[in-house]
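In order, the protein sequences belong to chains S and Z.
Counted from 1, the first sequence has number 256 at position 263 by this note's numbering; the numbering is strictly sequential.
Counted from 1, the second sequence has number 31 at position 29 by this note's numbering; the numbering is strictly sequential.
By construction, these hints were calculated from the structure, which means they are not laboratory data.
Even for Gly, the Cβ is constructed at its ideal location relative to N, Cα and C.
Be aware that a few hints might be false.
[Stated by the list, open to error] Here are a few chain S residues that face chain Z, going by a calculated C-beta distance under 8 Å:
1) Gly55
2) Glu70
3) His73
4) Pro87
5) Ile156
6) Asp179
7) Leu181
8) Gly183
9) Asp239
10) Pro253
11) Lys257
12) Asn258
13) Gly261
14) Phe286
15) Ser298
16) Ser300
Chain residues, written in single-letter form:
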Amino acid sequence: MLSRKKFIRQAALSAGAIMAGPSMLEAAAYFSPLKLTILHTNDTHSRLEPFPMDGGRNQGLGGVAGRARLINQIRKEEEHVLLLDAGDIFQGTPYFNIYKGEPEIRAMSTLGYDACTIGNHDFDAGMENLATQLTRHANFPMLVCNYDFTGTPMEYKTQPYKIFKKGNLKIGVFGVGIEGKGLIPDNLFGATKYLDPVQKANEVAYELKKFKYCDMVICLSHLGNQYKGNDMVSDEVLAKQSENIDLIIGGHTHTFLNEPLVYKNKMGSDVVVNQVGFAGIILGRLDFEFSKFSGKKLAKSHSISVSQKSGG
Amino acid sequence: MHSRLFFPTALLLILIAGNSCNTTYQGQALQYKSYRIANTQQQDSALLTFLKPYSDSVNNSMNGVVGIAEMSLDKKQPESTLGNFMVDAFYTMAKEKYNTEVDVAFVNFGGIRLTQLPAGNVTRGKIFELMPFDNLLILQKVKGSVLQQLLDLTADRGGWPMAGLTMQIKDKKAVNVMIGGKPIDPDRVYTIANSDFIANGGDNADMLRPIPQITNGYLMRDAIFDYISKLKSQGKNITATIENRVTNAQ
């Protein structure tokens, strides 16, 4: 048992820590410019090792060990980091044929992913398998707001969004999945109900901005970057028809963008869209700098200045 | 220390809490960067250790050489060497494994899962990467009019690998379709070699959904392995040419 004197001293210290510690930190964060670093991948497709040295054009590229090293380095340098993935974690190398996604999900947990969304190929070994891999090995959520998994093995295994607190920033992250029909075999998609991605995305983004007071809303999308000449919903379509999304981290089309795309949403504000190819060849990095506004002064629409990061 | 800090601390808390409803932070500036990940850079040792038991097992079963590619084969539209190699494998092996005549074989472009098969030794794992899905090679008997709808769909999607026919893509439709040297006959019934993925309506090939599938459970991936063995037994390596099977009409 603690002595009375020691107990009082400890109690006082903890009280002091509760009052002074976090609030001093908050005070410091409150007055300094806020920065958030977003690291992202998409369509990693079971590429755990780099492409083999076989003379192919991607030889030696990718691999989770190289990615981990870089991510750890960036985490040492930056206070606020989010690591996100836009789906199609599964399928593409024999790792998946043999282990059905276990090493992919375990690697992502070790790398410290904060969230991912679901890609069409994440259904490839069945919903029950995906549910099992996530339950056993994921320490991060799979986010999707437009798949209704009621009555399927994936019920309760995903969530529509997650809010991350980074210093004084509240960041809402949610996910949207692509239409299963014509892409995911019926026996794999099962009783999953596909809901309109634009409508659901707008609903969730509105909730995150207006009711959850998120400073930034990020959409993890497996819709695909853009489709020329047809009306399939893409990141471009979603961005233009959105109202409260600030950033779309995309996937599915394996698009290597040299720089993020910027679209105007319905309110005239900028929406940034990025995608980094496939197979973990590229790790994308987006450093956002935030300014503080009082609600009344906040402009109805706003634009963001985009530039290439030098060095680092 | 406690009493000295209490007042400003409380004030700050009130300030922060009081402002939380109408204070927002808005992203004003974005700096972007793409990092290329390569095996020449430093690797994280913990991840390497984690991966080792998996990679030992994978490499053990997958690093065996099954054939030699004489040239680098590429995935392109409307026609490509890698696509022709794959579709020839399905065309040849479907005839053999079902012991029947096959008029046409095709592969959905998205079903080619490598962008390139590099020249040189081809490992078992490489064929798994080319065809990772456990899709079945099946047969369907379709009327020429239905086949034309399918070919129009392939044209709309930029052209798929084809064996047994030639066609041109014009205004997103398949034109000048020749099967076995003759123009497509809308009333004739053709035997097509297909994947169960497409036959079940994959890539929106809904016109094939109602048509019965003839299947013996033969995997498309096994068809590629068997085709490579067959070529080897004939003293041939893996190779393919562009033969103007599918072209864009000028």
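#### Entry: Violated hints - listed by number, lowest first
2, 3, 5, 7, 8, 11, 12 and 13
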